[in-house]
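Q: Protein chains in written order, with our numbering: chain A, 1 to 364; chain U, 1 to 448.
Mimicking DSSO-like on lysine-lysine, the simulated pairs with C-alpha atoms at most 30 Å apart in a straight line are:
{"#": "1", "chain 1": "U", "residue 1": "Lys201", "chain 2": "U", "residue 2": "Lys287"}
{"#": "2", "chain 1": "A", "residue 1": "Lys49", "chain 2": "U", "residue 2": "Lys26"}
{"#": "3", "chain 1": "U", "residue 1": "Lys408", "chain 2": "A", "residue 2": "Lys49"}
{"#": "4", "chain 1": "U", "residue 1": "Lys439", "chain 2": "A", "residue 2": "Lys340"}
{"#": "5", "chain 1": "U", "residue 1": "Lys371", "chain 2": "A", "residue 2": "Lys49"}
{"#": "6", "chain 1": "U", "residue 1": "Lys264", "chain 2": "A", "residue 2": "Lys340"}
{"#": "7", "chain 1": "U", "residue 1": "Lys132", "chain 2": "U", "residue 2": "Lys201"}
{"#": "8", "chain 1": "A", "residue 1": "Lys351", "chain 2": "U", "residue 2": "Lys264"}
Note that these hints are calculated values from the structure, not bench results. Note that this is a predicted model, so its numbers are computed, not measured.
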Amino acid sequence: MDELKKTETAAPAPETAPQAKPGAIPKKTAAKPAEEKEMLLVTASPHVKSPATVRGIMLDVIIALIPAGFAGIAVFGLMAAVTIAVCVCGCVVAEWIWCKAMKKPMTVGDLSAVVTGLLLAYNLPVGIPPWMCLIGCFVAIIVVKQFFGGIGKNFANPAITARIVLLVSFASAMTNFTAPKAADAVTSATPLAIIGSPADFAAAEALPKLTDMLLGLHAGCIGEVCSAALLLGAVYLLARRVISPVIPLCYVGTVAVFMLLASKFDFTYMLYEILAGGLLLGAFFMATDYTTSPINTLGKAVFGVGCGLLTAVIRLYGSLPEGVSYSILLMNIACPLIEKFTTPAYFGQIKEKRKKKEKGGAAA
Amino acid sequence: MSNLKPDAILRAVSRGRGGVHVPHRKLTAECETVRLPVPEQVVLPMQQHIGAPCVPTVKKGDHVLVGQVIGDSDKFLSVPIHASVSGDVTAVGDVKIANGKMVPAVTIKSDGLMETAEFTPPEVHSVEDLTKAIRASGLVGLGGAGFPSFVKLTLSPDKPIDTLVVNAAECEPYITVDYRECVENSQNIMDSIYTLVDLYKFKQVIIAVEDNKPEAIRILKEIADKDIDHGNTVRLMTLKSRYPQGAEKMMVLSATGRKVPEGKLPADVGCIVMNVASVAFVARYLKTGKPLISRTVTVSGDCIADPKNLRVPIGTSFRTLIDFCGGFTEPPVKILSGGPMMGLAVVDTDAPLLKSNNALLAFGKNSVYAKPASQCIRCGRCHAACPMGLIPTKIEDLALKRDAEALKAAGTMVCMECGSCAYSCPAGKPLVQYMRLAKEVIREANGK
Ligand code: SF4
Ligand code: SF4
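Same shape as in the complex, but just chain U (with noise of 0.2 Å):
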């Protein structure tokens, strides 16, 4: 194999690392988060990240409170559900989520009083105690993923850890919900990576962040170079805007210079990347007691009439917040939660929100670009996209001779969806659903 090394410079030379240019469009960049008034109801889907669902603990026509648990589970990957509004819960059952998919859930109807329960702030002293709070906390990645955070805070002594990198790239178009972070919490921000650090004992704090926000660049940088107390670990690092920059293992390797092997964590090469709203939470929760029962969502997207970023409790219905920015400007042909390059189509707009969702966006018909699918023209733009290295077409054939094993050796399950070899191929392939396919092939094939 060693003709890797020349291929990697040449790939270096002739197209960079992959990935793609893409239109920001960071329509909200400059509107300050609006608290959404008090909704109706709300409805508390029990599975909102990535592990196992919680079971209801409470039932129909109880009275909660705000903060209040009312779904959690005994398995480790899993986080506990809060009630975000107070108020009766009116039913405790099956109901369609954005994704066309009917789940268990706890509705609530509000009686606009937001009464909390008692919250007292966790005392924290050790990383174990940190990891119980956060997981108590309800705490996801907000930037989109939904995996436990306290999973990724929960420390193995097998794998040191060294770095930290607090993610505020939001490489997705029209998102603004981390960027308004940075510009709007900067003291949580800070308070909470200087909490990490006097935990974890990091030998280097990184905040990522793209070259075109220069106001969060700005903020940022303050906070950086105010840390001269904590030995100078925290530093900011502007990244090109490049698609997609702010994935997980391309942070990795952009902060440290580290890969991530196949099949492997951050935390494999010694780093804990965590979203910067994540980041801000957990020092308002460290603070306050308060968990994670509301966040910030960015609702843009050409055909919504007022574009806003909004604070939001969870669980409620996406037509309360499009309302809320004054409807659509003409009838929606498709709107999705999360961005353009990974978000989800949304099959209804009665769905909740999820702690995970960090935009709604609603785009009209003229926005929505179809591009006819045709045969593969092999122009390797696929390839030359792929910040993993793939051969999407290559993966794309195998995929349909259903070949698990040659699907594996290409790498098929180091795929992210990241969407940027669909995004950049003229022939309109939907290479993404043929990268599910692929993993579909191979885990049908594990599973035998």
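Only chain A is shown next, with the shape it has when bound in the complex (with noise of 0.2 Å):
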């Protein structure tokens, strides 16, 4: 704020300092008694705003993640909305307590903790001990969120960070899918590990039927089964303009073209393989994460592309079986480059080459 009130010739006015005012103004048809003093505001244009907030842009991505958690709840049982309450509850609490020792303002009420407490349940498989996602909680909303300065400040997204800990650390509890409950399926393999590589699918047995993929019903984490309650959400976020459909497009479209091409141009592997695992979850609702994603268009553009490039390669020659966390935080990683060689050209900027020239001719 310092630097602010230095701006003061400029701007006339230190923010929302109400300044005393000598002397009243005679009022004719007022209704309430003329006062002797009055107090105008003054403060810098403009002087209206957007009823845009960050707690309504949270609140809409919520209301988006909701359809899929009741999917996961539908599929899973009731187990699954524990593990969901644990970690809502969880970040949310981890939030408060960190305000309150740090002797910050309470940033509770942004509800940001609550999208990363869902999005992280959402990206757990049913029956993970609460503990677990306690720990979960903690990494995502203490180290990767505060440490690095709260919302807005930090490098990776919380919630996948805490995913690929907790994979890490505990990697059998965070591998142990149950088949879902709702459905007559037996089998407890995700899709993504029947599938296996092109020359696999035409082998697979017992995958799902595509009609199953796109209503949940099959194995997987949470949030990313029900691949129709998480389009349904992302129509409302892309309508309510909370995120821009590049990212999104770009990571699907990416991850299409290289299926199609790995597969000599089997759609119905291109299919299973964009319904299956965590990808509509993570492109939608992760890889759009404003802190962790490039601001101008082109830079999504290549964030999405870099994802999608990044998880096919990972899904087809790596070892692991699903691979949108980590492209998605490799990309985080990325950002601030990617950022620094698609930063648009400004309204009327004269290019560097031309600059140069311009001067030179100047001096000559």
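Both chains are given apart, each in its own frame, so use the hints to dock them into the complex.
A: Pasting the structure below:
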């Protein structure tokens, strides 16, 4: 704020400092009796603000995530609800404790911790012990978010990083998927594990039907299984203009193209790859995280394509069945670099080369 | 830099060319302009334009007539100031203006007679005649910026001008003076345009108006259609209403597709942009020789009892205007001179109305919405909203680090302080203030 005060010559007012006004204005039709003194608020322009708030945006994300949550509970039973509740409460409490302990302004109200909690839960398998969830919450909120300065300052997506930490620490619990309760499916292997490479695809047995993939009747993490619910939420976010379509389209599009090429244009295979695993959840809800994705549109496109390539490569050639989290994390880290190289030209910008020429010309 | 093009395309596809939708709230659109009764006194600050301040040419006790020059300067970038009422000069000295600063001014106590000096319509046969006359008229851009109009109209041999853009966009909420000008004075607008076309041989004249003013569009369309004998140069252009459509560089781009380069003026791409009220004034002045002594202002806002468009002598105090509009319905919390997006919060209602003030708005506590500022969430809305394609959140960071070089590279200086970024920021950041700080940092570094 010190800095701001120096602008007083340009902006003749320190922010929101009410100024005493000597003398009163005679009021002819004033409802109230004339006061002796009037305080006029003096602030910098603009004097109107859009109704958008951080809390409103987070609320929209939460609304968009609700269908997938219900789908998860419907598919996996009440245990899923417990996991979601533990993660959300864990994150909110972690944020609350941090703000209290560090004597910082309370930021629980912006609801971003709720979003983190939901995303974390959606990335966990059902039946993971609650204490592991709590560790995840701690990592997400305290280590990834608050250590770096809170909302808007973290370099990586908290939910994704927490998931990866859990995956590395508790590999078996994190990959112990249960079969959906609601269906007659018997296998507890995730579709991605079943599909394997394009070569194995034809021979794959016990693969859920494509409609089951859409409805979520297959093994997987709580929030990622029901593609239909995720798409519903995605449409809501796009319609509300909370997210821009660039990242998800580039992400999913790149994966689709890559998979088509790898399978020599087997569309069914491509569809399975898109609907399986955390691709849709990742592309629409996690890769689009404001803080860890580029602001400008070209940067967003590069980011999306990068995520897509990494995911496809990890799925096809890596030793891991799933690559969404890793690819988003990697691209998160690359984000500042992407932004640096994709900074858009501003209005009327004179290109460097021409500038030099002009200068040279002037000197000559 | 081959990556510039695809980004432009992507930007066009995803968000358009920046700008924001601001509620229009043109309460006074249908209020015919009313003449304010002669005020008791006027205060005429010696600087009402961008450029060098004037020096008073009268002293205390002098009797002045309406239209008499009371302040002038021998500097190029300056225009004279005229008495707006007849009466006696009661003071020459510092007064407080709307932003709280003390500036030299001439105070005239009105004798209520409005005796006018002799006006002779200027003889105009060439561009030089016109610019000289316009300087003498004291005209500045009436749209808000207050840039001396004669400078815009001065031709320089290395900058051929082929286009006149008449700016009637009026994209700021509440303000309706340009709209009333179109509706009430279309004859003057037309006459001005023809005079200018004859003198400057423009290839095209584009009248730009936002699509939320159908009546103005109808009238201006008539003007444009009547232009058969002037080689059909006049064209009406309807713009989508989107703030800041009326900004000069935006106007030039929409009207001609030309981009004004950084640090340059519309004249560098062959355009003159004039506010419609200024254009109308030119014809009035050429007919009567009466200099700029009054102007139209919108007095509005939710705690003004009876919002109006007023024709007011320059230098009348804000308080007089407010009183004439029935005073306040509730105690005002914030009073603005100018529109809500770029206007200035008034410190004191005793301040005088300047040539460039197009509105006086008063707001009660229910409509002053202060969003508490919190941390930036990097949502990118400020960048998407910026018509100049800047990244305000990045510039904020750099400004706080006082990194002048990086600020320059980020394009800080092209910011026109339109406020679109701060308007759309969900974190309530005072981004325009940071932009000003950033410019200050650059100026400081340049000064060294
Ligand atoms: S609009 Fe506000 S919150 Fe969003 S990126 Fe810009 S400064 Fe940050
Ligand atoms: S105030 Fe400046 S940075 Fe903000 S939107 Fe307007 S031009 Fe862009």
